[in-house]
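Asker: Let the sequences and hints guide you as you build the complete structure.
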Amino acid sequence: MIEVRDVSKSYNGRTVVDRASVALPKGKITSFIGPNGAGKSTLLSIISRLIGKDEGEVLIEGREISQWKTNELARKISILKQSNHINLKLTVRELVSFGRFPYSQGRLTKEDEASVDEAIRYLNLEAIQHKHLDQLSGGQSQRAFIAMVVAQDTEYVLLDEPLNNLDMKHSVQIMQTLRRLADELGKTVVIVLHDINFASCYSDFIVALKDGRVVRQGTAEAMINPAVLEEVYEMAMDIRLIGGNKICVYYT
Amino acid sequence: MVNRAASWKIVSLAALALALVALFLFLHVGNWDYAIPRRSLKIAALLLTGCAIAFSTAVFQTITNNRILTPSILGLDSLFMLLQTGIVYFAGSGSVLVTNGNLNFVLSAVLMILFSAVLYRFVFRRGQQNLYFLLLIGLVIGTMFQSFSTFMEVLIDPNEFQVVQGKMFASFNNVNTQIVLISAVVMLLVTAFFLRSAKYLDVLSLGRDHAVNLGVPYESVVKRLLVIVSILISVSTALVGPITFLGLLVVNVAHAFFRTYRHRYLIAGSMLIAIVALAGGQLLVERVFIFSTPISVIINFVGGVYFLYLLLKENRA
Numbered sequence: 001m002i003e004v005r006d007v008s009k010s011y012n013g014r015t016v017v018d019r020a021s022v023a024l025p026k027g028k029i030t031s032f033i034g035p036n037g038a039g040k041s042t043l044l045s046i047i048s049r050l051i052g053k054d055e056g057e058v059l060i061e062g063r064e065i066s067q068w069k070t071n072e073l074a075r076k077i078s079i080l081k082q083s084n085h086i087n088l089k090l091t092v093r094e095l096v097s098f099g100r101f102p103y104s105q106g107r108l109t110k111e112d113e114a115s116v117d118e119a120i121r122y123l124n125l126e127a128i129q130h131k132h133l134d135q136l137s138g139g140q141s142q143r144a145f146i147a148m149v150v151a152q153d154t155e156y157v158l159l160d161e162p163l164n165n166l167d168m169k170h171s172v173q174i175m176q177t178l179r180r181l182a183d184e185l186g187k188t189v190v191i192v193l194h195d196i197n198f199a200s201c202y203s204d205f206i207v208a209l210k211d212g213r214v215v216r217q218g219t220a221e222a223m224i225n226p227a228v229l230e231e232v233y234e235m236a237m238d239i240r241l242i243g244g245n246k247i248c249v250y251y252t
Numbered sequence: 001m002v003n004r005a006a007s008w009k010i011v012s013l014a015a016l017a018l019a020l021v022a023l024f025l026f027l028h029v030g031n032w033d034y035a036i037p038r039r040s041l042k043i044a045a046l047l048l049t050g051c052a053i054a055f056s057t058a059v060f061q062t063i064t065n066n067r068i069l070t071p072s073i074l075g076l077d078s079l080f081m082l083l084q085t086g087i088v089y090f091a092g093s094g095s096v097l098v099t100n101g102n103l104n105f106v107l108s109a110v111l112m113i114l115f116s117a118v119l120y121r122f123v124f125r126r127g128q129q130n131l132y133f134l135l136l137i138g139l140v141i142g143t144m145f146q147s148f149s150t151f152m153e154v155l156i157d158p159n160e161f162q163v164v165q166g167k168m169f170a171s172f173n174n175v176n177t178q179i180v181l182i183s184a185v186v187m188l189l190v191t192a193f194f195l196r197s198a199k200y201l202d203v204l205s206l207g208r209d210h211a212v213n214l215g216v217p218y219e220s221v222v223k224r225l226l227v228i229v230s231i232l233i234s235v236s237t238a239l240v241g242p243i244t245f246l247g248l249l250v251v252n253v254a255h256a257f258f259r260t261y262r263h264r265y266l267i268a269g270s271m272l273i274a275i276v277a278l279a280g281g282q283l284l285v286e287r288v289f290i291f292s293t294p295i296s297v298i299i300n301f302v303g304g305v306y307f308l309y310l311l312l313k314e315n316r317a
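Protein sequences appear in the order of chains V and E. What the first sequence shows, in full-length UniProt numbering, is residues 1 to 252, in sequence order. What the second sequence shows, in full-length UniProt numbering, is residues 1 to 317, in sequence order.
Keep in mind the hints are simulated off the structure, nothing from the lab.
Stretch by stretch, here's where chain V covers chain E in the computed footprint (C-beta under 8 Å, at least three residues):
| id | region |
| --- | --- |
| 1 | 197-206 |
| 2 | 259-267 |
Below, a list of computed lysine to aspartate or glutamate pairs in the EDC-like style, where the Cα atoms sit at most 20 Å apart:
| id | chain 1 | residue 1 | chain 2 | residue 2 |
| --- | --- | --- | --- | --- |
| 3 | E | Lys199 | V | Glu113 |
| 4 | V | Lys69 | E | Glu219 |
| 5 | V | Lys26 | V | Glu64 |
| 6 | V | Lys76 | E | Asp209 |
Computed beta-carbon distance windows for the label pairs:
| id | chain 1 | residue 1 | chain 2 | residue 2 | range |
| --- | --- | --- | --- | --- | --- |
| 7 | E | Val140 | V | Asn71 | 30 to 40 Å |
| 8 | V | Pro226 | E | Val140 | 48 to 58 Å |
| 9 | V | Arg121 | E | Ser7 | 24 to 34 Å |
| 10 | E | Arg259 | V | Asn71 | 26 to 36 Å |
| 11 | V | Pro226 | E | Lys313 | 47 to 57 Å |
Predicted model only: the values in this text are computed from it and were never measured. Cβ atoms here follow ideal geometry from the backbone N, Cα and C, with glycine treated the same way.
Answerer: What follows is the structure, encoded as structure tokens:
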């Protein structure tokens, strides 16, 4: 369980995250939603120690994040940011192997190789595992990076806008994979999402942020609600039930 | 598979380096007792410098995730020139600080290491540490040092300027046993200090976010590596003069030659290429140009052409 308590962060006097408190339940998918500049990515980066916080605490399994050794933490929680431009001559398999660094410190054992194989299979990358990253399409490269996180085999998986720049087909593939990570492997998945309907269809819990504050949090069922969404996005949304999923219609 | 290919490349580079070193040592030996010790000394200085420069540039480029930077952006070379010019300006070229090589070496090395310590302290004092801020400060201060040097250079007597000019270009012709020994000891100690961080280099090349995610204690590792880089640069610059451009050249050739991200090969390869370039360059200087040009002129010329090629290639990609 990850608990965020009254976390604040500001840059040069401008508050980006303002006393945010969130609880992220185990084995579920939690989505962070909210307008641009709401502090979603910043909060995710704070939870994963990529950036420091000014105030408050982040408790991972009851222990404050600063009390963890960074290498122990790398076996507990992983983060994938949205822009992953790597200027290296790397194959998919080599990239995925980096996910084992917290365990092997660079010298892969047999078990590490097995985990890498498994992660590659999990994301259907077998056919392209020896291709170089710069030869891949956007969807393939996103899958390769997610495979690296899967190989890292952490209980908590944090992803910052994993659907950025992907078409519908690839977005659905990625979301289905994340769903499987939670359902089959019991991972706790936390994602920042812009597409409210993906959040509605795939997540168990939704946390809504606005101006650095957590304005609402709850089950997806409770959160996909015209009143809540209007408060968050300041626009009216029509919500329809299609095929058992709540779909927000806001295009016109 | 890849590893075997890379290992073969390392072996053949090592053979080439060895051949050049042997050629340098044993070509036209007239008087063995006179020539061999002198040549060995040069070769020792050359090996030390080549390895130090190649290693520190490779590490520096990994830390900054940038393939066209060299540690000279930290301003150490400019500080070296400022010191040399300052000595001649204030004390004259007859001063013991100029004529006594050992004294000059120790003074330059210590001053450069102190300078980088102060620079790091100043930049990292504020909690938010930003590598690019450090580079910017280094660049600005380096430019300031250069301007001061130029200012003094235009004021001094032209004959005195000749002495300063001699220091501007790296040269292996005026090293002596003592400073080579000191340098070797310092570099060995630094290498021992480095070994703890060696495993992190490959991960660091993925960039900060990935490195932190994979459990690298990023801040402390980067600080430690920066200290190592500046000590190596300081010692090698004090030993033979400013030659950091060589690093840019050899590390990029190593990247093109090995096509791998693994630092084990990249660093070893860069060092060997540096030795090949220096030993080959020094042979050219001594046998073809008969000492009419310093080695760094050759290296800067070849390096400059390669650098332009690199820029054009990056531009097109």
